[in-house]
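With the hints as extra help, turn the sequences into a complete structure.
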Amino acid sequence: MTGPIDAVVAIHNAFRRDMSLIDAAALDSARGKPGLAATVERFHFFNEVLAWHAHGEELAIFPALEDVAPDVAEAYEMDHRGLDAAFDALSNAVTAHDAIQTARATAAFKFHLDIHLAKEDAHLYRLIKERISVPDQGVAVGVMSSTVPPDRFPELVAWMFPLMGNDDRENMTRIWRQVMPADAFAGATQLVEKAIGDDYAELARRIPELAGAR
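For the sequence shown, this note's numbering gives the first residue as 398, with consecutive numbering after it.
Any given hint might turn out to be false.
Below, simulated SDA-like cross-link-like pairs (lysine to any residue); rule was C-alpha separation at most 25 Å, straight line [claimed, not checked]: (1) K516 - V469; (2) K507 - V531; (3) K591 - S542; (4) K526 - T399; (5) K591 - P551; (6) K591 - V469; (7) K507 - E471; (8) K507 - V446; (9) K516 - N563; (10) K430 - F484; (11) K591 - K526.
Taking CB as the label site, the calculated pair distances span [to be verified]: (12) K526 - K430: 38 to 48 Å; (13) R523 - A608: 28 to 38 Å; (14) Q498 - A608: 45 to 55 Å; (15) P578 - I497: 43 to 53 Å; (16) P551 - R602: 38 to 48 Å; (17) D564 - S543: 20 to 30 Å; (18) R428 - P547: 33 to 43 Å; (19) D548 - A579: 29 to 39 Å; (20) K430 - E552: 25 to 35 Å.
The set of hints was computed from the structure by calculation and includes no laboratory data. Ideal placement from N, C-alpha and C gives every residue a C-beta, glycine not left out.
Encoded structure:
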């Protein structure tokens with residue numbers, strides 16, 4: 398059964414997929430392939446989404462965890478600050494127009510992010526699932542979602558859904574259906590259809606209720 402934390406896991410998978418693409422593009426650029434400017438622009442939006450996500454965790458998930466597993470979240474907040482520093486290093490390399498240093502900084506960012514997300518999935522969110530009620534999980538995830546500026550939501554959907562596999566798309570959509578008003582959900586599904594094109598047919602097959610959401 399789909400639960401609130403499945404939305405977080407789905408976003409984590411989107412981060413992993415996009416960071417792999419960004420890292421590969423930065424490496425290609427260091428080897429002489431053009432396109433670094435587009436890669437940098439992609440990474441800036443990626444980091445915006447990551448900042449919204451991290452702020453949401455610090456605002457809602459970490460305090461909830463503190464009540465049931467004291468002192469655990471502190472290490473994860475340190476990871477967030479480490480990612481901030483890694484982004485600064487990458488920005489400095491880009492400003493210097495140094496393709497080699499940009500590729501090195503991107504690889505370092507990916508390494509740090511992959512370990513951080515793996516720890517959260519295996520440890521932090523396992524504790525959330527085991528020790529916090531599903532309704533309270535839903536409240537926390539709702540607070541996390543509120544950190545995305547409403548006018549940027551279409552950009553988020555356009556970034557996120559093409560990076561997801563079918564299972565994550567289904568889980569995210571089912572969670573939205575549970576928590577969104579009907580008109581908001583209808584708008585969200587239109588954005589999803591625009592983002593994934595022909596792949597929307599598979600999502601509609603998995604969630605027949607989508608036929609009545611338009």
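Structure-based check of each hint:
About 12 Å separates the Cα atoms of K516 and V469, which keeps this hinted pair within 25 Å; it holds. For the hint linking K507 to V531, the alpha-carbon distance of about 31 Å lies beyond 25 Å, and the restraint is violated. Simply put, K591 and S542 have alpha-carbon atoms about 21 Å apart, close enough for the 25 Å limit, and the pair holds. For the suggested pair K526 and T399, the alpha carbons sit about 12 Å apart, so the restraint of at most 25 Å is met.
For the hint linking K591 to P551, the alpha-carbon distance of about 10 Å falls within 25 Å, and the restraint holds. For the hint pairing K591 with V469, the CA-to-CA distance comes to about 40 Å; that exceeds 25 Å, so the pair is violated. For the suggested pair K507 and E471, the alpha carbons sit about 21 Å apart, so the restraint of at most 25 Å is met. Note on K507 and V446: the hinted pairing holds, with a Cα-Cα distance of about 15 Å set against a maximum of 25 Å.
A C-alpha spacing of about 23 Å is found between K516 and N563, which places the hinted pair at or below 25 Å, so the restraint holds. In summary, the hint linking K430 to F484 is supported, as the alpha carbons are separated by about 23 Å, within the 25 Å threshold. Between the alpha carbons of K591 and K526 the distance comes to roughly 33 Å, so the proposed pair goes past 25 Å and is violated. Taking 38 to 48 Å as the suggested C-beta distance range, the pair K526 and K430 conforms, at roughly 43 Å.
For the pair R523 and A608, the supplied restraint of 28 to 38 Å holds, since their beta-carbon distance comes to about 35 Å. Remark: the range hint 45 to 55 Å for Q498 to A608 is upheld by a beta-carbon distance near 51 Å. Taken as a hint, the range 43 to 53 Å holds for the pair P578 and I497, whose Cβ atoms sit roughly 50 Å apart. A beta carbon spacing of about 24 Å between P551 and R602 contradicts the range 38 to 48 Å that was offered as a hint.
With their beta carbons about 25 Å apart, D564 and S543 fall inside the hinted range of 20 to 30 Å. In this structure, R428 and P547 meet the distance hint of 33 to 43 Å, their C-beta atoms being roughly 41 Å apart. Our hint of 29 to 39 Å for D548 and A579 is violated, since their Cβ atoms are close to 21 Å apart. The beta-carbon spacing between K430 and E552, approximately 27 Å, falls within the hinted interval of 25 to 35 Å.
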